[in-house]
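Novice: Dock chain B against chain A, hints included.
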Amino acid sequence: MCTFSRAPITTGTSVLGIKFDGGVAIAADILGSYGSLARFRDCPRIIKVNKNIILGAGGDYADYQYLKDIIEQKIIDDECQDDGFHLKPKSLHCWLTRVLYNRRSKFDPFWTNFIVGGIQDGETFLGTVDKLGTAYEDMHIATGYGAYIALPLMRDALEKNPDLDMRQAQELLVKCLEVLYYRDARSFPKVSLI
Amino acid sequence: MVSTMQSVCDVPAIHNAGPKAASFNPYADNGGSIVAIAGNDFAIIASDTRLSSGFSVYTREQSKLFKLSDTTVLGATGCWCDTLTLTRILEARMQMYLHEHQKCMSTAAVAQMLSTMMYYKRFFPYYISNILAGLDDEGKGCIYSYDVIGHCEKAKFRAGGSAGALLQPLLDNQIGLKNMENVDVQTINVEKALAVIKDVFISAAERDIYTGDSILIKVITKDGIRDENFPLRRD
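Line by line, the protein sequences are chains A and B.
Those letters in the first sequence? Residues 11 to 204, per this note's numbering, in order.
Those letters in the second sequence? Residues 113 to 347, per this note's numbering, in order.
Same shape as in the complex, but just chain A (with noise of 0.2 Å):
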């Protein structure tokens, strides 16, 4: 059977992130690999998308970028509706899932894992979709090499204080990320972190 799937040219590594009492937190580094080579050194791949949430991604840079195109545009046609309503976290989330899922059908799958955090209704939002658009929510999450290295951690800290606050939530996604510089060969000290 001819299939369309490549592989992921330009990737980013690990995304993390957590729940804390009245928010979310996303964390990534900001290296582009390119297979060993650590080729792109300011890759930002943790972005904004309106007030109310905020989007990770690792896997292919390229994919990634191509969405956030779309998203974005789907932003500024929210705006553009002036209505008041807008895009909520697990209207995006579930959108992704439609996304990618869509596409592995297609054998021509979208090479990356996102995780989706913010706020609806006063509540916390973070769940991830992965290039299957294998879809779930927790109060923590980890891809990639994070998911062996990083949730461990967070699974921990979360066990012994189940209610971080801000600073805490972010002195521990910086931990994790140090922790996983030490050991993921396609990782970065540079990080951003929303």
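There's no promise every hint is true.
[What the hints assert, rightly or not] Below, in silico cross-link-like pairs of lysine-lysine (DSBU-like), each with a Cα-Cα straight-line distance of 30 Å or less:
| no. | chain 1 | residue 1 | chain 2 | residue 2 |
| --- | --- | --- | --- | --- |
| 1 | B | K252 | A | K98 |
| 2 | B | K252 | A | K100 |
| 3 | B | K233 | A | K116 |
| 4 | A | K170 | B | K310 |
| 5 | B | K304 | B | K252 |
| 6 | A | K100 | B | K233 |
[To be verified] Over 10 Å on every C-beta distance to chain B, these chain A residues come out as not near it, computed from the model:
| no. | residue |
| --- | --- |
| 7 | D52 |
| 8 | D79 |
| 9 | F95 |
| 10 | Q180 |
Derived from the structure by calculation, the hints contain no laboratory data.
Because the structure is a prediction, the values reported are computed rather than measured.
Ideal placement from N, C-alpha and C gives every residue a C-beta, glycine not left out.
Specialist: Then chain B, alone, in the frame of chain A:
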């Protein structure tokens, strides 16, 4: 010269193919187990709440039970992205039925539709192990189980998902009273069914790495659907 050309052309095709990327696999096994037991006036369906892939646990609190109506609940495990898609289409089709016929779909009707929807994707299947539990038109408990391409079978008790093969013989013995001598066959009650479900899930969590964290149980009776939780080992 001619002979050189000949030898180049003689190289088998496979050597001319060049480097090839590992092929993309559209399916994932996200694990999870379902157990359902039907009684005379109730049906119980339970699933574990672990969502995993390979050696990593994605989340410890993902329900795999979908309440489709006041008398029907679907349990779905396997490829989670397929489950999300199937259940969304299923819910939409049930809404369409409701608006067209001015009544909720019966469990038997949902069971048939699910089979049709699974077979519709015969050549690119939803990789899901489905178990449908509910009350039939007479208020009796009933269970339907499926394979990935829509084969449907009605049963009184069924285990499915990653520990399905592990649990079914246990249910055959404890619920179906198979291979037992001098037993008085009596109809099962809710308490007994709940106790067996908890026991079999504890056993499954011991041996199956894709089953654990906790179980979510839905008890379907004519009075509605009651939820119950039970913790399992988390390693």
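Novice: A separate judgement is required for each hint: does it hold in the structure or not?
Specialist: Hints, verified against the model:
1. For a cut-off of 30 Å, the pair hint linking K252 of chain B to K98 of chain A is broken: about 42 Å separates their Cα positions.
2. Between the alpha carbons of K252 of chain B and K100 of chain A the distance comes to roughly 38 Å, so the proposed pair goes past 30 Å and is violated.
3. The straight-line distance between the Cα atoms of K233 of chain B and K116 of chain A is roughly 14 Å, inside the 30 Å bound, and the hint therefore holds.
4. A hinted pair counts as satisfied when its Cα atoms are at most 30 Å apart, and K170 of chain A with K310 of chain B qualifies at roughly 28 Å.
5. This hinted pair checks out: K304 of chain B and K252 of chain B have alpha carbons roughly 17 Å apart, not beyond 30 Å.
6. Between K100 of chain A and K233 of chain B the alpha-carbon distance is near 28 Å, which keeps this suggested pair within the 30 Å criterion.
7. The claim that D52 of chain A is not at the interface with chain B holds, since no C-beta of that chain comes within 10 Å of its own (minimum 28 Å).
8. Against chain B, the non-interface label of D79 of chain A holds: every CB pair exceeds 10 Å, the least being about 24 Å.
9. The claim that F95 of chain A lies off the interface holds: its Cβ sits roughly 23 Å from the closest Cβ of chain B, which is beyond the 10 Å cut-off.
10. Listed as outside the interface, Q180 of chain A is consistent with that label: its C-beta sits roughly 23 Å from the nearest C-beta of chain B, beyond the 10 Å cut-off.
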